[in-house]
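Asker: Mind docking chain R on chain D? Use the hints.
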Amino acid sequence: MSSASLAWFARHEIGLFWRDWTALVLRGKPRRKIFVGLALAGFLIGMHVVAWFTVTDTVNLAETDPRAVFIFVSGCALVSLSLMVSQSLEMVTRAFYARADLDLILTSPAPSARIFIVRFCAVALMSVVMSAALVAPFFNVMAVLESPVWLLGYFALLSMSAIATAIALIVAVVLFRTVGPRRTRFIAQIIAAVIGAGFAIAMQLVAIVYFGNLSRLSVLTSPELTVSLPGPASPIWIPARAMLGDALAVLAFCVAGFGILGLSIWAYSSRFAALALSTVGVSEHNTVNARRPARFRAGTVRRTLRRKELVLLARDPWLLSQTLMQMLYLLVPAFLLWRNYGSDIGAVIVVVPVVVMASGQLAGGLAWLTLCGEDAPDLVETAPMSSNVALQAKIEAVLIAVGLAVAPIVLFLGLVDLHAALITAICLVLSASAATAMQVWFRAQAKRSHFRHRHASSKIATLAEAFSSISWAGTAALAALGNGLAAVSALMAVGVLVFVWTIRPREA
Amino acid sequence: MTVQQPDAPALSIAGLHKSFDKPAVCGLDLSVAGGEFYALLGPNGAGKTTTLRMVAGLLPPDSGSISIYGIDALFNAVEAKRVVAWVSDEPMIYDKLSPYEYLEFVAGLWSVDPRIAEARSAELLELLGLAPHAHERCGGFSKGMRQKVALAGALVHEPRLIILDEPLTGLDAGSARQVKSVLQERVAGGVTVIMTTHILEVAERMARRIGVIDRGRLIAEGTLEELRTRSGRDGSNLEEIFLDLVAEGGQEAGEAAA
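First to last, the sequence lines map onto chains D and R. Residue numbers for the first sequence follow UniProt numbering, so the first one is 1 and each next one is one higher. Residue numbers for the second sequence follow UniProt numbering, so the first one is 1 and each next one is one higher.
Only chain D is shown next, with the shape it has when bound in the complex:
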């Protein structure tokens, strides 16, 4: 293998990726290999069981109008594509901004475009792996039940991933040109968040408008849509045919997908190095505060800390894009609530758990940022105050931020149904408090910029945080319906909290 060739760079990247991945998963404990292997095998077996029952119970392709099948498959593919584009945009942008070994490679005589070509191909592979984990079991089950041609679906998935990477690359380059390297990363994060949720949410909004429910399937299975679209022979169904294992369609789709990716890489490859170099030192350079405080403000130490935390949260672009994502998901129930204003209790019941669930998740993220992502821990620790003061101030900042985010929707809910609003308010406070408490117990110093990897620090805490939010959301929904099972759900939520408390690291 000649040095600095595409294959040589690919081997280098695969080696680095493998070491990073094993370090992340094994965390220095080689014995975890067995556990990780078993967990992966369990997940895959579980997914195949789910796929088996889904396919045998619901799918009878022979008796279904082919257009209806194509619409359904195309809809699912579009949802997957939107997720792939979202992931790819994030990874492609990161490839331009990450420094690590890039300075070394860019200053070497090796053709720098090659490393980017390898990295963008890796992006395509990464997003296909993520999607394949969910979709592949269905291909495998259909291959066993019907015909091995279903395995050709893998190629269709790979082609879709190539299209997603090409779209992400084009968007990233356009952003670099239009808004410049200083803002590209931030805007790309927001676009990724919007695209990731956008298509699925759009389908839900259509379902609400036309069918009065939240089911995306209502749109995909509606007879009106089926008759309004072209016949089964139309080329617009090529992706759907490819997903269903039609060899010719797979070939056409692959040519299109890999062609688009190849063309976009070829078109921009001469600029990759320049784009990467343009990101050097632009992260915050010359960012001048638009609003300058007129005077130093008075206040207690707690107030000072709270103020600092809220300012830092408001200036965190990654957090803003994540919050935007959660707000987008809140948009659907809020729209449902508005549409059914004064007429239907059903809409209220949809809103209540979503708000409670979102509060818990938001609080968990914010709590990690304020508690673990303290950029100047030495300063705070050497300040003349007890450590409890700092902890209290940070918790207060989290709860204030969550309150500000969900208050409008709870107030609106109060206008529709005061009882449901009260239950929502109580449960969201409990959900947010529980998520914050878990972060307090499992806190470990980290860099704020490592927010995206926060789940890696404690899988148990992350899972428990999700279970807790779900349990409080269930409690709220059941309580709003006046169902006595709310007490059981609340007990489960408390049980999760007690469990996490018992297994917390003692030094925290």
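The set of hints was computed from the structure by calculation and includes no laboratory data. One or more of the hints may lead you astray.
Listed next, the in silico EDC-like pairs over lysine to aspartate or glutamate satisfying Cα-Cα at most 20 Å (straight line) [claimed, not checked]: (1) R:143 - D:378; (2) R:143 - D:103; (3) D:447 - R:172; (4) D:447 - R:95; (5) R:143 - D:246; (6) R:143 - R:72.
Answerer: Just chain R now, with coordinates in the frame of chain D:
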């Protein structure tokens, strides 16, 4: 509230011990008088940073005592922290805050009257050449600018004892000069400065007394003249004395182990 004792040493350490996987600080005794510029030297891993982190309240010692201006820093940590400032080699500031906002935050943590803090901040920003960047966020600042922001933060609450761990690492000549000049002004005003550094010329020129620490023990201490006398190297510079002392310490440790 514990009252500071005006005639007490700025820092008094007795029998300080700290072990991680192996002993880092072993029965350290150290006393630094008020208004003194004290340089703590030692090879990498000698225990300098561990010692200073214990003094600043960032690390609990296994045993021993630490007294700052007569205040027991282990039993009355909050009172001791009121008079201490800590600056580490890696400036810990907030990328998303401007120097102005950072100083407002630090002043708030030390409960300094906002009007006084604002006047001091303006003065410090001017003195350290940060005034033109007062409202720019620190994220894009160079290492030198970040270190100067951290130093301004350490000075805004007018501490009586400033502890600096390698404050000049990575600074250009101009920034290093500004930092040194600010520190010397503070010492002239009665503030105590304890600094670790690997730049021995700085210690030689700035410190009134120098302590050499190795393997967690103070192996020599005194003025430059006293250290010269002790090492028997009249007219030699601090670098030669330091290398002699560390080599001697290593030899003694080797013999003790044998």
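Asker: Next step is simple, just say for each hint if it's right about the structure.
Answerer: Outcome of the hint check:
| no. | hint | verdict |
| --- | --- | --- |
| 1 | R:143 - D:378 | holds, 18 Å |
| 2 | R:143 - D:103 | holds, 19 Å |
| 3 | D:447 - R:172 | violated, 26 Å |
| 4 | D:447 - R:95 | holds, 12 Å |
| 5 | R:143 - D:246 | violated, 59 Å |
| 6 | R:143 - R:72 | violated, 35 Å |
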